[in-house]
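**Student:** Spelled out from the first residue to the last, the chains are:
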Amino acid sequence: MNTALGLMKSRTTLSAPAVAVVVVIALIVLAIATGGQVIARQTVSGLLLGAIYMTVAVAFTLTIGVLNFLNFTIPTLFMLTGMVAWAVLSRGYLSFAGGWAWFVALLIGVAVTVAASLLVERFTFRYLRMRHGDATEHAIPLVSSLGFLLIFENLVLIPLGSDSQRFAVPFKADVHIGGIVIGVAQLASCVLAVLVVAALSFILKSTKIGRALRTIAENPDTASLLGVDVGRVVPIVFILTGLLSGVAGALFTVNYGDVSPFMGDNVGTKAIAAMVLGGIGSIWGAIAGGLVVGLAETLSIHYFGGDSVSMTVWGLVLLIIVLRPKGLFGGASIGKGKM
Amino acid sequence: MSGYLSGTLAILCINLIFAYGIFVTAAAGQINLGGAGFQAIGAYATAWLVSQTGLPIWLIIPAATLATALVGFLISFPVLRTRGVYMVLATFAFGEVVTGFLLHSTVFGGAMGMVVPQHIELWVLTVSAVVVTIAAFYLMATRLGLAMRSVNDDEDAAIVMGVNVRLVQVVAFTVGGAFTGLSGALYALNFGFVEAQYFNSLLSIYVLLFVLIGGAQTAWGPLAGSLFFTLLPELFRIGGSWRFFVFGVLIVLMMTVRPEGIVTREMVRRLSPRRWWPYRTREVYHGG
Chain A
1 MNTALGLMKS RTTLSAPAVA VVVVIALIVL AIATGGQVIA RQTVSGLLLG AIYMTVAVAF
61 TLTIGVLNFL NFTIPTLFML TGMVAWAVLS RGYLSFAGGW AWFVALLIGV AVTVAASLLV
121 ERFTFRYLRM RHGDATEHAI PLVSSLGFLL IFENLVLIPL GSDSQRFAVP FKADVHIGGI
181 VIGVAQLASC VLAVLVVAAL SFILKSTKIG RALRTIAENP DTASLLGVDV GRVVPIVFIL
241 TGLLSGVAGA LFTVNYGDVS PFMGDNVGTK AIAAMVLGGI GSIWGAIAGG LVVGLAETLS
301 IHYFGGDSVS MTVWGLVLLI IVLRPKGLFG GASIGKGKM
Chain B
1 MSGYLSGTLA ILCINLIFAY GIFVTAAAGQ INLGGAGFQA IGAYATAWLV SQTGLPIWLI
61 IPAATLATAL VGFLISFPVL RTRGVYMVLA TFAFGEVVTG FLLHSTVFGG AMGMVVPQHI
121 ELWVLTVSAV VVTIAAFYLM ATRLGLAMRS VNDDEDAAIV MGVNVRLVQV VAFTVGGAFT
181 GLSGALYALN FGFVEAQYFN SLLSIYVLLF VLIGGAQTAW GPLAGSLFFT LLPELFRIGG
241 SWRFFVFGVL IVLMMTVRPE GIVTREMVRR LSPRRWWPYR TREVYHGG
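Just so you know, the sequences run in chain order A and B.
Under the numbering used here, the first residue of the first sequence is numbered 1, with each subsequent residue one higher.
Under the numbering used here, the first residue of the second sequence is numbered 1, with each subsequent residue one higher.
Simulated from the structure, these hints should not be mistaken for lab results.
Note that the structure is predicted; figures quoted are calculated from it, not measured.
Every residue gets a Cβ at the ideal spot worked out from N, C-alpha and C, and that includes glycine.
Among the hints, erroneous ones may be present.
[Claimed, not checked] Footprint (simulated), chain A over chain B, 3 or more residues, beta carbon under 8 Å:
1. 88 to 97
2. 109 to 122
3. 249 to 255
[Said to hold, decoys possible] To give a feel for the contact side, a few chain B residues facing chain A, derived at Cβ under 8 Å:
4. Y4
5. V85
6. G100
7. F101
8. S105
9. T106
10. L209
11. L212
12. S241
13. W242
14. F245
Next up, chain B with everything else stripped away, as it sits in the complex (with noise of 0.2 Å):
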């Protein structure tokens, strides 16, 4: 495979477990819009174990996956206290808050950045989107994917039904901090080096945009938003400005036509020769 595949694939492989990662507080009705925050911890983490302990890196992902899971575990009680756009802002000064204590930290390299001396196979970014994208599908089949449905679509309705909201909410921001985490871990041992400038609030945007324009309301809509994005421009050879220019106006475009996003629960229903699918009725959409 050549240099130019093998970097794209890459990229593809972090971008899709980072909107996994999004894509799971999303699906729970949570809009958080602080990602590169929670995956800069991961990175970080990742950056800081390889560089002080001796440990192996089948080791260090997995704890520094556990290490952001902890830290979206603990930051959900606080920003659960807020709903709708103080949740937004919220998880946008979070978000902030991580990049600034990074870049000024005297132990994390400030804003010379970290390096990673430690490096992985493409196969092992390969294996671990693989996984985390089946898992995605594995939760949002579950019981506890259920919940997460009915809690997005209406909490009242959740709480009546006898869901525990506030235990699915928080579930959804472990489980989706740990997806990001893994994100940042994979992210550090695939370029070797991190910076806090990265991890800034237009990644966090942009990853936002992938799960929204890609369907939050199903686990294909993270995958579809993911490979549309990062391989759209890649096949036109769109250049600078102008990628992320036409990245604005189709954001824009899919707004007005199809809020939804790519794939949406319905389409999933039609396409799907399964009988014993879950999303049997036909429904109309009731907003993020």
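If we strip away everything but chain A, and leave its shape as in the complex, we get (with noise of 0.2 Å):
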């Protein structure tokens, strides 16, 4: 039998994913131990990125994993993020809150993004399963988060046009590791996005919200008779999915100080790739497949110019979807595979 997220294999022995991780992160270390200032520049702020796409990455394979939906609405909620914390920052709203203004933008960013993902749950699968039982079946939530997508982009966009914004921060300090300068904030979002994807990881595995989420992922139906009361486990993954696509827009907010309506279509893109290589429904594919992401686009960009790097993981993703669709690193995948 195919569990269904591939951190519940076993207790003792290491996932094939989980090995991928600690190669990476030892190639990390050799570059930089190797490369000199310049690849170990690239590959911190290659990490940087992977840690943000890891995240996004997450959330989308928790929703595959769990619901066997792919929601096409976590880019618009990445950058519902970043845009609702502009938004507030900019009308003044939060002069009360001082130096801190920026934070509690993002907080009121993140918020708005689990409320909007909640919103989705009601119309994907809240109804869907009051009319037609087991809603994982169904084409019915993908095309319904498609709806999703243009409300919430046009949304944004209609008060808030589609340029470009700053989003300013006000601290910048730096740290010096062996020659290398690290931005503090660059620094706290790799921390953040672990600690995320580790809390993650206990609640699945080790709490009873976690083992019903599980249950779900097997057979909605069968979880049902054995108890798990789905309709209210069910908003959990979207819970989630927003808080993961929430935290990964706010640090990318913070990091690349610049917030547009469309700066979930790129992560989204790479999220979904990372995804795809460490095999989808994998947690720890889901992350070593976005720090190898977050790396190669980083270094290919560095070696080649930006051009062709989009292309490239589209037909990555291809390749692996068609020739190894477990992904990369074997780990255990969703075994329904239907629609």
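Taking the hints as your guide, dock the two standalone chains into a single complex.
**Tutor:** Right under this line is the structure:
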């Protein structure tokens, strides 16, 4: 029997994607040790990018793993955090917060994103379950999420315009590690991304909710028969999705200082690629994939220029899905393969 | 006819043919989220043939259609290895690869696009749309159409009943590719210009939504979907972002209230006066 989420394989042996993560980190250390300053700097910024991709990829892989649902709203949820934070900040609603206004703005952004994600749940799984039973059997949630993609994107575009906006964060501190300059924000972001994903792993592995989620991933009807309240557990997937996308969006906003209504498109693309690379439905796979894609992107831009990254990434996705659908690292993936 | 009306009619014809291209694969149970890629192949094949060869248009349009059908045929083999979410991702990735390739190729003008120094009259578009519509209706009434329906409803049952599922799926992808390529060729010749940025993932999403909102159960669906979403915004003169916002709301509401699409098999059966109508049994929706 396939386990639904790669984490669940066994407590004693490390899963293959976990080994992949270790290998990636070893390679990074090697690159920093041998490659000199420039490569080291590229590697660090690649890792930061990878941490953001990783967080979004985990959001994708979670909804597919548990609900067999490719949630197209995730890139727009990512964008929503940044744009909402910028909107409340630039309109001056947060002047009471003083120097922490940017932080409050991001918190509001994440909160709005989680609320938006729950709205998606209402119209994709809630009503659907009442009318058609097991919603993970249908294409309907996918189509609804495409509708929500249009709704969110245009709801942002109408009042805020399509321009890229500056999101100023007042602190600018750096730390020096062995001659490499790393921004505190970068470092904090990596740590936060890792913490969020680790917390998710813990929830899935060791809590009652996590077990309920895993049961639904296997089969919603059986889960329901065994006493899992599917109607109450499914929203948790969407809260987690909103939280992961929101945190990734906030990290992106803080580190790059730019928000735009289209900021989610590129990240969404890379996150899907990361998920496919690591094997759909596997959390360790998404982590490994995110780091690899982030590194590959910054290094290939450094070596070849940034022109053809997107096409290469999608070509890779197509090849992997067709030739090796369980991902490069051979982790467990979802066994449903239906829609 | 005023320029505005003929422009709208031209877009409607192109969208309709495009929608039927996606419908044929959807009717056989495959979701193709890479429609823009197929349309781009048809459009660029036309642009290239017009600018590089001196062939007459009545040869170029079928050539571009055949070229896209061939691509559909070839790509169906790897894509059909996948199912469900994986197939959605594979077709989506295919669309992105095609657009990315065109955007970076020097032969096809890269980001500058290509000028198509030929033009077709509106009647060619209208006749093509009518022919494709009739062809789709005919296809769905044949044994092949029945086999496609059976594959969509229950693949295992279709195998048990002796349907060659793989063959049906490959044919669906090929015919779908042909229709989509035709729409691309007509797009190129109607607007006189092609650029890769137009054939983006949003276009793939829109056309799939035309089909699924119209209803993928019968050949009436794409007709209803294209008419609905091409004419409705024009009728109400909603512009820009609001148009897409309303579009999104309609999709979400449709999916909660009537996920089978505007036109369902049951509705066609009820409204049809014909006793020989092949869809006679009462049935429920089993999902895409």
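**Student:** Against this structure, judge whether each hint is valid.
**Tutor:** Hint-by-hint comparison with the structure:
1. Interface restraint, the segment 88 to 97 of chain B with chain A: holds (7 residues with C-beta to C-beta distance below 8 Å; minimum three).
2. Closer than 8 Å: that is the beta-carbon criterion, and the segment 109 to 122 of chain B has 0 residues meeting it against chain A, so the requirement of 3 is violated.
3. Counting residues of the segment 249 to 255 of chain B whose C-beta sits closer than 8 Å to any C-beta of chain A gives 5, which meets the bar of three, so the coverage hint holds.
4. This hint is violated: Y4 (chain B) has a C-beta 24 Å from the nearest C-beta of chain A, more than the 8 Å allowed.
5. The interface hint given for V85 (chain B) is met, as the beta carbon of that residue sits about 5 Å from the closest beta carbon of chain A, less than 8 Å.
6. Hint status for G100 (chain B): holds, given a least beta-carbon distance of 3 Å to chain A, under 8 Å.
7. Satisfaction of the interface hint for F101 (chain B) is found here, the shortest Cβ-Cβ separation to chain A being roughly 6 Å, below the 8 Å cut-off.
8. Hint status for S105 (chain B): violated, given a least beta-carbon distance of 10 Å to chain A, over 8 Å.
9. Using the Cβ-Cβ criterion of 8 Å, the hint placing T106 (chain B) at the interface with chain A is not satisfied: the shortest such distance is roughly 12 Å.
10. Hint status for L209 (chain B) relative to chain A: holds, with the closest Cβ pair at about 6 Å, below 8 Å.
11. Because the smallest distance between the Cβ of L212 (chain B) and any Cβ of chain A comes to about 5 Å, under 8 Å, the interface hint for this residue holds.
12. This hint holds: S241 (chain B) has a C-beta 4 Å from the nearest C-beta of chain A, less than the 8 Å allowed.
13. Interface restraint check for W242 (chain B): the shortest CB-CB distance to chain A comes to about 7 Å, inside 8 Å, so the restraint holds.
14. Checking F245 (chain B) against chain A: minimum C-beta separation of about 4 Å stays under 8 Å; hint holds.
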